[in-house]
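A.B. asks: So you can see what is in the structure, the chains are spelled out below.
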Amino acid sequence: MAVALRQLTYAQAINEALRQEMRRDPRVILMGEDVAGGATVTGFEEDDAWGGVLGVTKGLVQEFGRSRVLDTPITEAGFIGAAVGAAATGLRPVVELMFVDFFGVCWDQIFDQGAKLRYMFGGKASCPLVIRTMIGAGMGAAGQHSGCHYSVFTHMPGIKTVLPSTPADAKGLLAAAIRDNDLVVVFENKILYNTSGEVPEGEYVIPLGKADIKREGNDVTIVAISRMVQQALAAAEALEAAGISAEVVDPRTLSPLDEETILNSVAKTHRLIVVDEDNPRCSAATDIAALVADKAFSELDAPIKLVTAPHTPVPFSPPLEQFYIPSPERIVATVQEIMG
Amino acid sequence: MATIVSMPKWGLAMKTGMVVAWLKQAGETVQQGEPIVEIESEKATNEVEAPASGIMRWIGIQEGDSAPVGAPLAVIAAMDEALTDEQIASLLREDAEARRQRTEMQKKPAASPSTARPTATGTVRAPTTAAGRVNASPAARRLAQELGVDLSTLAGTGPGGMIGREDVLHAAEAAKVAQAATEEVEERDVEVDGVTIHCLIAGPVNAPHVVFVHGLGGSLTTWSLNLPAFAEQFRICALDMMGAGDSAKPAADYSVAALTTFLARFLDTLGSDWQRVSLVGHSLGGAIALSFAQQYPRRVEQLILVDSAGLGPEIDATVLDLMRSQPTLDSVRSELTNFFAQPELVQQALVEQLYRQRAQPGAHEALVATANAAFGNGQQHIDLRDTLPGLNAPTLFVWGAADTIIPVTHAQQATSSPRSRLQIFPNCGHCPHIEQADAFNQLVLSFLRE
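The listed protein sequences correspond, in order, to chains A and B.
Be aware that the first sequence starts at 1, since it is given in the numbering used here, and climbs by one per residue.
Be aware that the second sequence starts at 1001, since it is given in the numbering used here, and climbs by one per residue.
Treat the hints as calculated values from the structure; they're not laboratory data.
Where a beta carbon is used, it is the ideal one built from N, C-alpha and C, also for glycine.
Check the hints yourself; a few may be wrong.
[As the list claims (entries may be wrong)] Over 10 Å on every C-beta distance to chain A, these chain B residues come out as not near it, computed from the model:
{"#": "1", "residue": "1001"}
{"#": "2", "residue": "1099"}
{"#": "3", "residue": "1162"}
{"#": "4", "residue": "1422"}
[What the hints assert, rightly or not] No more than 25 Å apart at the CA atoms, straight line, and that leaves these computed lysine to any residue pairs for SDA-like:
{"#": "5", "chain 1": "B", "residue 1": "1015", "chain 2": "B", "residue 2": "1233"}
{"#": "6", "chain 1": "A", "residue 1": "295", "chain 2": "B", "residue 2": "1066"}
{"#": "7", "chain 1": "A", "residue 1": "295", "chain 2": "B", "residue 2": "1233"}
{"#": "8", "chain 1": "A", "residue 1": "295", "chain 2": "A", "residue 2": "219"}
[As the list claims (entries may be wrong)] Per the computed footprint, the stretches of chain A lying under chain B, defined by three or more beta-carbons under 8 Å from a beta-carbon of chain B, are:
{"#": "9", "stretch": "321-328"}
{"#": "10", "stretch": "332-339"}
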């Protein structure tokens, strides 16, 4: 059966996934700061809802009403704790943590409550909760609104971490996250919201834990995360002109991690570069490098190289912010360095 | 696991062999190392041992039939292995395909300097770390182990000069080509001062050069059981001396001194890469080699003297008399019998071959001239004992303990040479390189590698 495709932006794909899941399952609710917008403000309740700070959930309150699209106070500890409780007691909330940088105020609710419920109650409780959160530098939003930090979440057992890099993946992975019976955090790179791509119509679910080879190649494996997949694809295009065939592997979820696809790719190319916008210490990049060094050492024909952000907060200065983000040029230069 | 028994290759020149007799029949149990078939080549008849234990499942070549070197003779099935005819057929097909590929590989010309990568020359040293460890990628290390490539001989083209998979693959390819060149045996006729000298040259071009000099009444075929082993690691040349084998037999000076000078002229003619060589000399050839080392000390790397003449007065008169008489099949057979501690080693084929050589025009005259110049009245005229103390080249003396032609007591002269070693083979006659070929090859190869 042919799947109908059309162009959607990354933001529209997320909105479509939420709408379809909410239609499919009445237990799915949205919570967060301004996810509807205008709550308790006379004259704004019906018409001019914000739909989130960047409008990703716009229009959902009109279809599902304020009993399922809940504006919350600016109290992450409170409303994420409420979402954990709602999930444990029968709903399937999708709660928005506006910027991932705010995780510090609600971290206890996430990693010590939501992530551990199933474990602490011997499997008798669960937490089918989705936290959507924005990551990424590039919008001049400065050090407290531009981080990635998904490596922190990936470190904790009991949390699934999902990082879509394309509109189609955004739709399919968010749908899978909502249907999952455990705590899933979906990291949305804000720079990707306006990028477009083909997205299947209707129900579209991508299983969590399945990496995607975004481009096939033979000389070097570039494992790239979230927006870095787009940087890696641009680099691969430039490398092809230089006669180097790069394979771009998008893990799509860091927990669980599709080790097999990464290891198979390295067994084919014998070289590995990991591109990660997160800070470099104890990161997804070092984790994947360690995986390959541990399980595929004798496949390596060159040192593993990491292309990451520096070990600093995201700078506000626009030139420094651009320097901070791994660029296609840096990826190309690193590949050429290990090709000898 | 079934095992194929193939036609062996016993000499560099052996191309086919004939099955004389099957010592084991189909259905019989065989033990590894047990003789299963008798094969006759142009130069010798020998037994082939079972390469594995099991049951003789299939015999492909009947007694009296010939087959080329490498062709399957039989299949031995493992004890508990039920092998169908189809399985045997497919095993043989695979074997044929593998042989076809090897042949193709050998036909490829050796890589020319312009196409060979610098990594393949084997002379470039590998990049090493400060600690002296070879700088190679993990994948290159694994591949090198699988393909039997020595990383320390490679140059790296990877990041920072690291040896990568590509470097190993190129080296393995180059080694295959070199191996093919090794197996390319060249029989050549060389003009030396108007005299045609027949010789056999083989082995890797870049390897150290080794020259084999036969004894009185012999020819380069005396080294048939040795040359293949040496050609794997060394560039070798075995020649028929002037007046012997298939070389010209002019009326000339056949003294050891003249033959020594002639050997030098021969090596000059072969080319500049033969300026410095190791010499293996048997009997009278030993005396020529020793005399060569005395006259041209800078041209000799190492010296191997096998039951050598020139190291004492005694020599058996019977054999010399037989050589001086007009050759008949019987006289040749009697003569050969004296050379071995185990006379049953003298095969009819060998007798006939030697007889044919001796019957060539001028062959007898040259032989007598050579014998008379060196020996007479049961005595050696040549005495090279004085040269031993001044010998610079490391020298290996090899002797058969049961040598009845030149007595093993002459081996004690080894102690006069400063850098010498001595190996005596028990229960062995005048020709250890034939009678104990494997042990001889092992000994001399390890000496040459030192």
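A.B. asks: Against each hint, give a clear statement of whether it holds in the structure.
C.D. replies: Do the hints match the structure? See the list:
no.	hint	result
1	1001	27 Å, holds
2	1099	32 Å, holds
3	1162	7 Å, violated
4	1422	48 Å, holds
5	B:1015 with B:1233	21 Å, holds
6	A:295 with B:1066	54 Å, violated
7	A:295 with B:1233	39 Å, violated
8	A:295 with A:219	19 Å, holds
9	321-328	violated (count 0)
10	332-339	holds (count 3)
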